[in-house]
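Chains as they are written, first to last, in numbering that gives the first Met the number 0: chain A, 0 to 355; chain B, 0 to 360.
A hint or two may mislead.
[As the list claims (entries may be wrong)] Going by beta-carbon spacing under 7 angstroms, a handful of chain B positions derived as facing chain A:
{"hint": "1", "residue": "Ile180"}
{"hint": "2", "residue": "Phe237"}
{"hint": "3", "residue": "Ala268"}
{"hint": "4", "residue": "Ile269"}
{"hint": "5", "residue": "Pro278"}
{"hint": "6", "residue": "Asp341"}
Since the hints were made in silico from the structure, they are not lab data. Glycine included, every Cβ here is placed at the ideal spot set by N, Cα and C.
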Amino acid sequence: MKSIIFGFATALALTTAGSAFAADKYKACFVYVGSKTDGGWTQAHEAGRMQVDAELGDKVETKFVENTPEGPDAERAIERLAREGCGIIFTTSFGFMDPTLAVAAKFPDVKFEHATGFKTAANLTTYNSRFYEGRYIIGQIAGKQSKKGVAGYIASFPIPEVVMGINAFLLGARSVNPDFKLKVVWVNTWFDAGKEADAAKALIDQGVDIITQHTDSTGPMQVAEERGIQAFGQAFDQIKAGPKAQLSAITDTWGPYYVKRIKAAMDGTWKGGESSWDGLKDGILTMAPYTNMPDDVKAMAMDTEAKIKSGELHPFTGPVKKQDGTEWLAAGAKSDDGTLLGMNFYVEGVDDKLPQ
Amino acid sequence: MRLQLVRRPQHSSLMAAVSPLIAFALTLIIGAIIFIAIGKPPGAALYAYFVAPLTEMWSLHELAIKASPLIIIAVGLSVAYLSNNWNIGAEGQFIMGGIFGSLIPIVFPGFQNVLTLPLMILFGILGGMAWGAIPAFLKTRFNTNEILTSLMLVYVAQLFLDWLARGWLRDPQGYAFPGSIRFPPAATLPEIAPSQGGAHYGLVFALFVAVALWFVMTRTLKGFEVRVMGASPRAGRFAGFSSKRMTYFAFLLSGGLAGLAGISEVSGAIGQLRETISPGYGFTAIIVAFLGRLNPLGAVVAGFVLALTYLGGEAAQISLGISDKLARVFQGLLLFLVLACDTLIYYRVRFSAGRKAGEAA
Chain A
0 MKSIIFGFAT ALALTTAGSA FAADKYKACF VYVGSKTDGG WTQAHEAGRM QVDAELGDKV
60 ETKFVENTPE GPDAERAIER LAREGCGIIF TTSFGFMDPT LAVAAKFPDV KFEHATGFKT
120 AANLTTYNSR FYEGRYIIGQ IAGKQSKKGV AGYIASFPIP EVVMGINAFL LGARSVNPDF
180 KLKVVWVNTW FDAGKEADAA KALIDQGVDI ITQHTDSTGP MQVAEERGIQ AFGQAFDQIK
240 AGPKAQLSAI TDTWGPYYVK RIKAAMDGTW KGGESSWDGL KDGILTMAPY TNMPDDVKAM
300 AMDTEAKIKS GELHPFTGPV KKQDGTEWLA AGAKSDDGTL LGMNFYVEGV DDKLPQ
Chain B
0 MRLQLVRRPQ HSSLMAAVSP LIAFALTLII GAIIFIAIGK PPGAALYAYF VAPLTEMWSL
60 HELAIKASPL IIIAVGLSVA YLSNNWNIGA EGQFIMGGIF GSLIPIVFPG FQNVLTLPLM
120 ILFGILGGMA WGAIPAFLKT RFNTNEILTS LMLVYVAQLF LDWLARGWLR DPQGYAFPGS
180 IRFPPAATLP EIAPSQGGAH YGLVFALFVA VALWFVMTRT LKGFEVRVMG ASPRAGRFAG
240 FSSKRMTYFA FLLSGGLAGL AGISEVSGAI GQLRETISPG YGFTAIIVAF LGRLNPLGAV
300 VAGFVLALTY LGGEAAQISL GISDKLARVF QGLLLFLVLA CDTLIYYRVR FSAGRKAGEA
360 A
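Turn these sequences into a full structure, and let the hints guide you.
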């Protein structure tokens, strides 16, 4: 027994010496809210990080922390990365906003980028993706594919980002079926496969024949596959979880953005205080292949996608009424970005009361 | 062949004292084997987990931030468990403490003076006590199982906080995002040594309550009463102790301390009321209480050890890309091995061949 312990102690002493970082490479670091294999939001960021490794691997070293709870734990994780010598740090959840801001103030020489937030600083930018463009397209597909004219929406938190997605989905659906209805279930989590699957079952039991989600796991897709209804993937192509169920998926494609920003950080052209909000045309958002649908629906979806890319179609174009029947956008009027980013009301046709 | 546990007539008091250390050493050895199995250098991994977080001043402060709520809660739970009152709902009492204390800076933002912080802390303690009083009332009045009621009330508290942070207490300038206003400096628990790191006065509270309750438990009649009522309520009744009063005492004390931890966390570490304020401190503190052998001073050591596994998990992810799940494995291993070591100190394993007659059924 003694010799075993001695052996371990020796091994410990020997291997500790080799734990220093590979020097000289620029360090780009990522903080994830979920698991890097969640099959959704976080995995999409992980795919972006791997693209950085593939394209810039000889000059850049990447690091990440996954499953980081929002709040003080996030602040510590971000600070640890800043102290480990990261040149640029991407924090990839809305709830990391204030922690990122706090650490950015402490480390003025480190560059920070926060996904989906609204606070910036001299060394902190925000970046976001116009997810609503994709949601409009899948809404249109749902409008065509649903026989009952009712879809179910598994929503995470009633923040503007999510409300915007619900509205965009319904406007898309109503553009092809003016009587389309939408049921919403709030699960109050970004990632909880069990809870999300339960919400999917509850919605199906209430009679919806198509579901979509603003949560990160593949749980709802698996339920859709089992129950024989159709669904849309979220953040990541979820076709493996629903080979017969998935119609398409809004696929977050962060890689090109990360590569661009890390290059800018290295050559000194990176500027703080900015907010980036790219969409389908910039490639930060791509649609997974349109599957399990007739050719005419597929053609319609591709046409809409092309029109959004060219700028011919803006999903939030009047006439649009709010849920209470008052006018929001007059005929032909387009919503400004500020209203979208602070959206706290439903459009007409949502069968739910927005938690206030 | 059968395995039997036979109670030892005498147990070694030396072994009883060092058992957590043996358990910790075994955890390290099993951890090293796990690292070898997944192809990571065991030395570097164990270093990242258990040593690296201790090598820098700011990291020690972070350790204190993480350990303080665990210690404050675990000290209260130790006393409750010794008295045979199983409060599993410290997580909920922690949350209610955070909510009650936060009402002062959120509802009365103009009230900013030297009294703000003491009042917040008082409200926090009262909030935790009020939430803890519910299972105590149900147990003493209706003989309800307190394990279930206190646990269920955790979920009520979590949803209540969620509802408040998105509704009534939400920052009106926050673009409809959940979360209250940021607390002003007068409502923020100050840092102990701001030039070195972020540790706040929660650490002082933790050390103070640990020493105070250690004194109560070992040097006062109340401590004796807790032990007697825990070991034998019948004997306690002959001594004139009331088991109902003891239940209230246990729940109000552990609930109040959980509330203190809650408001300290909100005011010191977070700086606003959010829709979630705890990564499960109330549950992890149960491990801390047992690892500390239900001794308030033991809880201090155990709190730091558990806090270290959290920080180490993060450090190992960054330096070696090891999954954060392993931090949980370490926490589980540690508790399991402590209990296993204890069992072997009090019991002897005996192998006996064959089955005796009548045991075949």
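Cross-check of the supplied hints:
1. Of the supplied interface hints, the one on isoleucine 180 (chain B) is violated, with its beta-carbon coming no nearer than about 12 angstroms to a beta-carbon of chain A, more than 7 angstroms.
2. Annotation: interface hint on phenylalanine 237 (chain B) violated; nearest CB of chain A at approximately 49 angstroms, more than 7 angstroms.
3. Interface restraint check: alanine 268 (chain B) against chain A, minimum CB-CB distance 4 angstroms, threshold 7 angstroms, status holds.
4. For isoleucine 269 (chain B), the suggested interface contact is upheld, since its CB lies about 6 angstroms from the closest CB of chain A, less than 7 angstroms.
5. Interface hint status for proline 278 (chain B): upheld, as the beta-carbon distance to the closest one in chain A is roughly 5 angstroms, under 7 angstroms.
6. Annotation: interface hint on aspartate 341 (chain B) violated; nearest CB of chain A at approximately 20 angstroms, more than 7 angstroms.
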